[in-house]
Amino acid sequence: MAEDRLDAIVVGAGPAGITAARELAAAGLSTVVLERGQYPGSKNVWGGILYREPTEAIIPGFEAEAPLERPIIEQRYMLLSSDASMTAAYKSMKFAEPPYNAYTAFRGDFDQWYAAKAEEEGVEVYPEFTVTDLLWEDGAVVGVTTGDEEGELFANVVVLADGANSLLGQKAGLHREWAPNEQALVAKETLRLDGGVIEERFNLPAGMGAALEIFGESTWGMLGYGFIYTNKDSLSIGTGALLSDLISSGRNVNDMLDRFKAHPAIAPLIAGAEIEEYAAHLIPEGGYKRLPTLVADGVMLVGDAAGLVNPLNREGANLAMMSGRLAGQAIIHANELGDFSAVGLSRYRELLEESFVLKDLYKIRHMTDFAHERPWLFGEYPELLSEAARRYLTVSGKPKSAVQQEIIGLFGSIPKRRMLKDAIGALRAFKG
Amino acid sequence: MTIVVLVKQVPDMNAVRVDSTTGSVRLSGKAMNSYDAYAVQHALTLGKALGAEVVAVTAGPANARDALTRALAMGADRGIHIELNDQDQRDSLDMANVFAEAIRPLQPSVVLCGQQSDDVGTGQVGPQLAELLGIPHVSSVMSVSAEGETIRVQRDTEGGYQQVSGPMPVLLASGSITEDPINPSLKGMMAAKRKPVEKVAAAERGSTTRISWSEPKAPKREAKGIIVQGASAEDAARQLVAWMKENKLVAS
Amino acid sequence: MSQGSGVLVIAEQRGGGLSPVVNELVTAGTSLVGQIGGSVTVGLVGADLDALAASAAGIAGVDRVVTVEDDRLATFNGTAWSAAVASITGNVAPAVVLAPATTAGRDYMPRVAARLGAGHAADAVAVDIVDGKVVATRSMLEDRVQATVAFEGDRPATITVRPGSFARAEAGTGSAAIEAFDVAFDDSMFALTASAPEAAAAGQQDLANAERIVAGGRGLGEPDKFALVEELAGVLNAAVAATRPLSDAGWRPHSDQIGQTGAQVSPKLYVAVGISGAAQHLMGVQNADYIVAINRDPEAPIFKVASFGIVGDLFDVVPAVIAELKAVQA
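Residue numbers (my numbering), protein chains in the order written: chain A, 1 to 432; chain D, 1 to 252; chain E, 1 to 330.
It is possible that some hints are incorrect.
As the list claims (entries may be wrong) - DSSO-like cross-link-like pairs, simulated, lysine-lysine; straight-line CA separation at most 30 angstroms: (1) A:Lys232 with D:Lys187; (2) A:Lys359 with A:Lys431; (3) A:Lys289 with A:Lys363; (4) D:Lys248 with E:Lys304; (5) A:Lys91 with A:Lys232; (6) A:Lys171 with D:Lys187.
I should point out that these hints are in silico values taken from the structure, not numbers from a laboratory.
Next up, chain A with everything else stripped away, as it sits in the complex (with noise of 0.2 angstroms):
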């Protein structure tokens, strides 16, 4: 029975699932937006940084309204050895003033406010109700179900916008289920530490941030990285790696964590810090390669949800906000045609590779691979780095000539076919 038919619902009110929400309620398509947390955001993870530009083309003038942290001035990059560590960083003045290029901030302030602001203009967003099936009529997905009978709601699209291994997704066949190689698994924390401390500790001007990605002993030698970003008075800390690494390793996340915290290059920034908060999440790292299928008959996925995450260059909520966007404009097409089937829909596959989102995600395509297939780019070649950098930088009567022969050496143990494989591999993987 298809009484009150709504034009869509929207499963999820992270980034993608409002912006998908505000496009359409902007057509004056009427959209509800159903969220399992008991508020949009509390059941979001993310390292935590959002691009201003990206954002500012989804949400004109967000700067001034929504909470955020601090402006980041500073992209440090570190690779840990066992006992060691060496730091590649850049800071900017630049950086240091407005437009700014990126912030810290945390999902639970920044979606609820981004959900608020989407009610502002006639979305009506639902929190506090799981989805937990989709509704059928001759093969089309016609609604979705919250569980009892009156928990029954009917449009002609669903937008699926529930996140890394989304359940719904698999039941509406776009896919089946993430293979573990096709996920990461981070762990995180907040901790609490006063803002002078920060800057202090940091080295930042009043009220700047500055976001430090770690790889090497972070992850344990695995392929990931760990990451620690500056907020006003707190720092997200977290590391994670891929989910079929950690299995066949049988090493916890949370051990993970607790070792990278403690490594002696870390363990200093975080002193008499708090823990105020911890998540774990998933993250989509299968790439372009492995997308599921975006649209069938009444339905498509956006977000975390369709997979869409840059990992290699950190980004994932642009992308998001972008998908749903996209995916808004592909409804308003498919409502204008009347056709909301896979073909009605199609538009939204052509948007998102005309848009950065699937180029970039072409660009990097073997990137995931690349570096997935080469277990030593993460554990043995950062120690023979370290090991190599401590022999240079220590002076002792020997002569520079034998140190140099030692370092060599050093490489030697290396097969020399191997390194040129990774070579070519790494230019092939960055080039696209």
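Please arrange chains D and E on chain A, whose structure you already have, making use of the hints.
Showing chains D and E alone in chain A's frame:
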């Protein structure tokens, strides 16, 4: 016939953070006061029995609407939002007065409210509102029913349940019962957005200051009894029983 | 400070006699009067008050007893009680009015305050004089934090006091004067009729009247382990109770439940086995004379209120206690 039910938006009790060093408290989140959820249920029960309109009333700033929306989602017919930004400066009698002024024109037959709020827990507004309206009140109400023009309630006391009954108008303050309150359905939540909510200004605050509050802080709690730690089970048991004999808690 | 003088304590009945909480409030009153001067008056409202008035008059520290007696006051009625208490207050003109923070006290006292245009503090755990003002300390946020309420202006400070907050003044020592007051009640105050309280289920009845209670909580781990609680209760000749999570999980019937939404008990001895002492549970046992706690977590809140606590594995400690009790009682 009109039934009025008061609802209050409180912080999320599961999200209370106490700073271990300073003892200061951080609140976040929004929820409907748990006792008010029961009050709304009782209001709906009576509304059905008496064929009366159920009006949900809340007082607070513009963004304190969630409790009201939830009451409408549960089944209340319409809402009244008394806009108020200086709650911190009003004591319970001031608040009772705000409600009295707003609901007197409705001439309600029954006024329901929660016994106390989850956050402050003073439990004063209900009886004080009854006094200002000049109607009888019953607190600690566990269940309600109506028989013609008579209201019957079950009241919880230390000694067991009391059956109280009488004519309207009456104010009922709801206690907390064991079953969880009914969660509004999705249809209910959607319908709530379409039910009328009237905004009214709050009555002026009187100039009398009766009380002043200090900043809430987590107290340093010291144990006040004897604590046995690190002893063997047998030793601990011996000490306990000896203490019990000393305090005449066991015959020896 | 208010224009009145001295302290008025409103009494409450329990099991045919005066509730011990009256002795506690008299202690509080005596302490206040020591700082602000004046006398301690005990007010009684009800029917057939002769014996109760005599008990009240005998409590150490009581200077005067006033009674409001009426057959219609045989069962509690908040509306009538508040009129009576307001009337007594008008007559006695105290600086402070103290009532127990029981279901009854928290029912009529706010209404009394409204009648008098006075400020009110509910469920206080301490009452002091600070900088010439009456200050009540009360907890909030499910007992996680405390704040103080200072009374301003010239009306009496009206306060309900949590049972167990003060020591009990000695009974049977004094001989204060007893005076009867006449209060003109409006018939409308008796529009509601109430039955005498009776327990809902046999289980609850046992708990409400039990002298000793042994209660089990989450620390037991599984439903079968509750047998330990039953065995200990058997040896102590005590009633058996459970915390809300256990009755919610179906381990025990709701009639066994103690806590904010379960039975309110006031036993002489309360033994908490594997109970952490979350605020909601403690609210149900605050009237116990002696609380014994057995829990493996030294930080468990129950240890802050226990008269005797054992930190240890209940599966070792409880059998040891049972054995020791059997040996002692043999």
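Comparing the hints with the structure gives:
no.: 1; hint: A:Lys232 with D:Lys187; in the structure: violated (40 angstroms)
no.: 2; hint: A:Lys359 with A:Lys431; in the structure: holds (12 angstroms)
no.: 3; hint: A:Lys289 with A:Lys363; in the structure: holds (11 angstroms)
no.: 4; hint: D:Lys248 with E:Lys304; in the structure: holds (22 angstroms)
no.: 5; hint: A:Lys91 with A:Lys232; in the structure: holds (18 angstroms)
no.: 6; hint: A:Lys171 with D:Lys187; in the structure: holds (24 angstroms)
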